[in-house]
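Novice: If you want the building blocks of each chain, they are given just below.
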Amino acid sequence: MKLSGIESGWAMAALSAMFPGSPETGLEGIAAMDVSGYLDDVMRTRPFRAVLGLRVAVWLVALAPPFVLGRVATIVGLAHPERERLLDGLLAHRTYSVRMLVMLLKTFGALLYAGDDRVRARLRPARLRPLIALRLRGSPR
Amino acid sequence: MKPPAAPAPSAPSAPFPDDALPAGAVVEGDRLEADCEDAYDYVVVGSGAGGAVAAHVLATSGASVAIVEEGPWVHTRDFGERVYDAFRVLFRDAGMQVIEGRSYIPILQGRCVGGSTVVNSAIAHRTPEDVLDDWAGMDLGGGLGGVVTAKTLEPHFDALERELSAHAVSDDALGDNDRRFLDEATMHGLLGRRTRRYEHGCRGSGRCFTGCPNAAKQGMSVTYVPWSLALGARIYTSCRVERVVIEGGRATGVLARAAGAPGRGERVIKLHARHGVVVAASAVQTPNLLRRSGLRARALGEHFQCHPGYGLGALFDDAVRASAAGAGRMGATQGAEITSLRRTDRVKFETLALQPELAAVRMPGVGHDWMRRFDRYASFAQWAMVLRAEAEGTVRSAWGGGDKVRWTPSPVDMDRAVKGVARLARMMFEAGAREVWPGLHGVPTAIRSVDEVSAIERMPREPRAFSFLSTHLFGGARMGTDPRASVVGTDFQTHEAARLYVVDSSVFPTNLGVNPQHSIMAMSRLAATRIVAGGRARNRAA
Ligand SMILES: Cc1cc2nc3c(=O)[nH]c(=O)nc-3n(C[C@H](O)[C@H](O)[C@H](O)COP(=O)(O)OP(=O)(O)OC[C@H]3O[C@@H](n4cnc5c(N)ncnc54)[C@H](O)[C@@H]3O)c2cc1C
Ligand code: SF4
Numbered sequence: 001m002k003l004s005g006i007e008s009g010w011a012m013a014a015l016s017a018m019f020p021g022s023p024e025t026g027l028e029g030i031a032a033m034d035v036s037g038y039l040d041d042v043m044r045t046r047p048f049r050a051v052l053g054l055r056v057a058v059w060l061v062a063l064a065p066p067f068v069l070g071r072v073a074t075i076v077g078l079a080h081p082e083r084e085r086l087l088d089g090l091l092a093h094r095t096y097s098v099r100m101l102v103m104l105l106k107t108f109g110a111l112l113y114a115g116d117d118r119v120r121a122r123l124r125p126a127r128l129r130p131l132i133a134l135r136l137r138g139s140p141r
Numbered sequence: 001m002k003p004p005a006a007p008a009p010s011a012p013s014a015p016f017p018d019d020a021l022p023a024g025a026v027v028e029g030d031r032l033e034a035d036c037e038d039a040y041d042y043v044v045v046g047s048g049a050g051g052a053v054a055a056h057v058l059a060t061s062g063a064s065v066a067i068v069e070e071g072p073w074v075h076t077r078d079f080g081e082r083v084y085d086a087f088r089v090l091f092r093d094a095g096m097q098v099i100e101g102r103s104y105i106p107i108l109q110g111r112c113v114g115g116s117t118v119v120n121s122a123i124a125h126r127t128p129e130d131v132l133d134d135w136a137g138m139d140l141g142g143g144l145g146g147v148v149t150a151k152t153l154e155p156h157f158d159a160l161e162r163e164l165s166a167h168a169v170s171d172d173a174l175g176d177n178d179r180r181f182l183d184e185a186t187m188h189g190l191l192g193r194r195t196r197r198y199e200h201g202c203r204g205s206g207r208c209f210t211g212c213p214n215a216a217k218q219g220m221s222v223t224y225v226p227w228s229l230a231l232g233a234r235i236y237t238s239c240r241v242e243r244v245v246i247e248g249g250r251a252t253g254v255l256a257r258a259a260g261a262p263g264r265g266e267r268v269i270k271l272h273a274r275h276g277v278v279v280a281a282s283a284v285q286t287p288n289l290l291r292r293s294g295l296r297a298r299a300l301g302e303h304f305q306c307h308p309g310y311g312l313g314a315l316f317d318d319a320v321r322a323s324a325a326g327a328g329r330m331g332a333t334q335g336a337e338i339t340s341l342r343r344t345d346r347v348k349f350e351t352l353a354l355q356p357e358l359a360a361v362r363m364p365g366v367g368h369d370w371m372r373r374f375d376r377y378a379s380f381a382q383w384a385m386v387l388r389a390e391a392e393g394t395v396r397s398a399w400g401g402g403d404k405v406r407w408t409p410s411p412v413d414m415d416r417a418v419k420g421v422a423r424l425a426r427m428m429f430e431a432g433a434r435e436v437w438p439g440l441h442g443v444p445t446a447i448r449s450v451d452e453v454s455a456i457e458r459m460p461r462e463p464r465a466f467s468f469l470s471t472h473l474f475g476g477a478r479m480g481t482d483p484r485a486s487v488v489g490t491d492f493q494t495h496e497a498a499r500l501y502v503v504d505s506s507v508f509p510t511n512l513g514v515n516p517q518h519s520i521m522a523m524s525r526l527a528a529t530r531i532v533a534g535g536r537a538r539n540r541a542a
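So the sequence lines, in the order shown, correspond to chains U and A.
The opening position of the first sequence corresponds to residue 1 in our numbering, with each subsequent residue numbered one higher.
The opening position of the second sequence corresponds to residue 1 in our numbering, with each subsequent residue numbered one higher.
Treat the hints as calculated values from the structure; they're not laboratory data.
Virtual Cβ for every residue (Gly too), placed ideally from N, Cα, C.
Be a bit skeptical, because a hint or two may be false.
Stated by the list, open to error - Selected chain A positions facing chain U (in silico; Cβ < 8 Å):
(1) Asp93
(2) Ala360
(3) His368
(4) Asp375
(5) Tyr377
Stated by the list, open to error - If you anchor each label on the Cβ, the simulated ranges turn out as follows:
(6) A:Pro483 <-> U:Ser36: 54 to 62 Å
(7) A:Leu191 <-> U:Ala73: 50 to 58 Å
(8) U:Arg94 <-> A:Glu37: 52 to 60 Å
(9) A:Asp183 <-> U:Lys2: 48 to 56 Å
(10) U:Gly37 <-> A:Arg484: 49 to 57 Å
(11) A:Glu28 <-> U:Arg71: 49 to 57 Å
Model the full structure from these sequences, guided by the hints.
Specialist: Here you go:
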């Protein structure tokens, strides 16, 4: 069964925080893609358990802010950096099923995002740059 | 019996071997207008590594053969690049099948003509002799009675290697990631080598998991299946065998179902088998098919084993996703390996050229951190560990007709897994990695120096901290002479029903520690050769 409008909104908020694009390099974010058409396809063509898992994952990320960030809001009510913090926290959560469900959402998002022709075209080797400039934020434990 | 004539390996240029097939040789279950019934000498269930080889040997002997395959035939010309689409059409449960135990472990299996050989890396390893020795000494009622030995398998390995063009990865198809891995192995005094693969003209596209677009990989859908059809066999695609029909203690045919032509409803396919039914539906589906067919052996569905695999991602300074074949070509999907730790540490290390979507899943974090890493996809490398785990599990039918696999790695397995991953991480740093992504719960998502590898060594031996994945599956209908401890005899016939043969890795008494396809195919070829000889002897006696 398709995701409802509100569920799609939550999924979109989570996925666009996961795959925001990169203005420095010109990589577009997932929001520029047909996310709702893709999610409809997932819900229609993937096995029942995966579809159920995806739906539970969407509810989980939507309603998690009070528990993870102490903020009374759904994911839609958070600013972008907070959404990232929320998702990072859930992916490293001490409860196994929480980690797994959010990973399932990330997996479906990654299949759409990195499967997109425009994104693939931007991954060509000419774009290689040394890593020197890479400043990675402290990783969650 | 004379070995079947060796067809020339398929050429990498068009037309592809699956382009033009003999008229009437393919019956598509999703286009059937009516139920159908037919009779053959042998019916083979499954068209993967085990089934296709058996079908070819049987067809070469002059027998009439039907192959029944649950999945569709996806032709070389239709292979796309997108993993999402490939999962839906080529993989069982759209790639979402899992082992359930202390943790969830995805298992990948092909569900299409050619089975898992369509989506695998085609690495070919002969069965290690120490494994065969172990099998001979196991308490299965006199081991394997001298039937499956290095000597009996040798001519079959030889023939397969010749027919499917097994050889080490060429200079052109070797990726930079492979070269780095091999240099590192040499520095550590480990036996690193180019993988030997079934391929003819591999262009190093790194796309084996979504089907080879050049028909260079010698999977079953471009080799033994079309070769069998050319010898007069017929294949029923998109037809799921519900059960083997057993009458008077003997397998006499199969009953299958298909979706039928659009709007026409489900169709029933009844195929009679004059001389026998050969099952090669894989280590997960075969035990359940035998159970649906009425077999009740105590060992059925028991002793399931796998090789849990674990991939370690890393970023390097320079491009590693390149090969001599050209910038942007990653090299063969799996071009290099280390096998010398198989007996001591029960691990094997391999390189993996992951397509962008799979790399994207593997990259840690979310948001802008994730984007920065993804932007350096060309400098991303993945090395993997394959564990020869000792734990055993079970295969059962799930509610609704699916399969339920339960398995949990033992504490000893987990200890080996942790040590193997730590060793691999250390090697990646020594090979020049800037950061390594362990992907282990409780360990930093990215570690940036070899000193930090100790965080992996110190981690708890907890299956839920790992994200294993398995593609090598064994057991569930193991072979032996004692019907209380095994399901299939050393003549590859089930103890309970005559002329019901099993020729896939469900008959393996244990896992191997090396990639299984070559062993499965050699065992299947040995089995089919004996089935033909047995049939001839029966005919003479009659
Ligand atoms: C991604 C991946 C990479 C791999 N890489 C390698 C590698 O490099 N080297 C190696 O040695 N091994 C590799 N393997 C493993 C190897 O491919 C398998 O071990 C091997 O193909 C198993 O052979 P099989 O005949 O038992 O099953 P499969 O090849 O899986 O074939 C079984 C077939 O039976 C069909 N079937 C099942 N049930 C029914 C039914 N009821 N009715 C009709 N048909 C049915 C299935 O649809 C399937 O097509 C890999 C596997 C995967 C998934
Ligand atoms: S690496 Fe590419 S060309 Fe080589 S066998 Fe695999 S899919 Fe075919």
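Novice: Broken hints, numbered, in rising order?
Specialist: none
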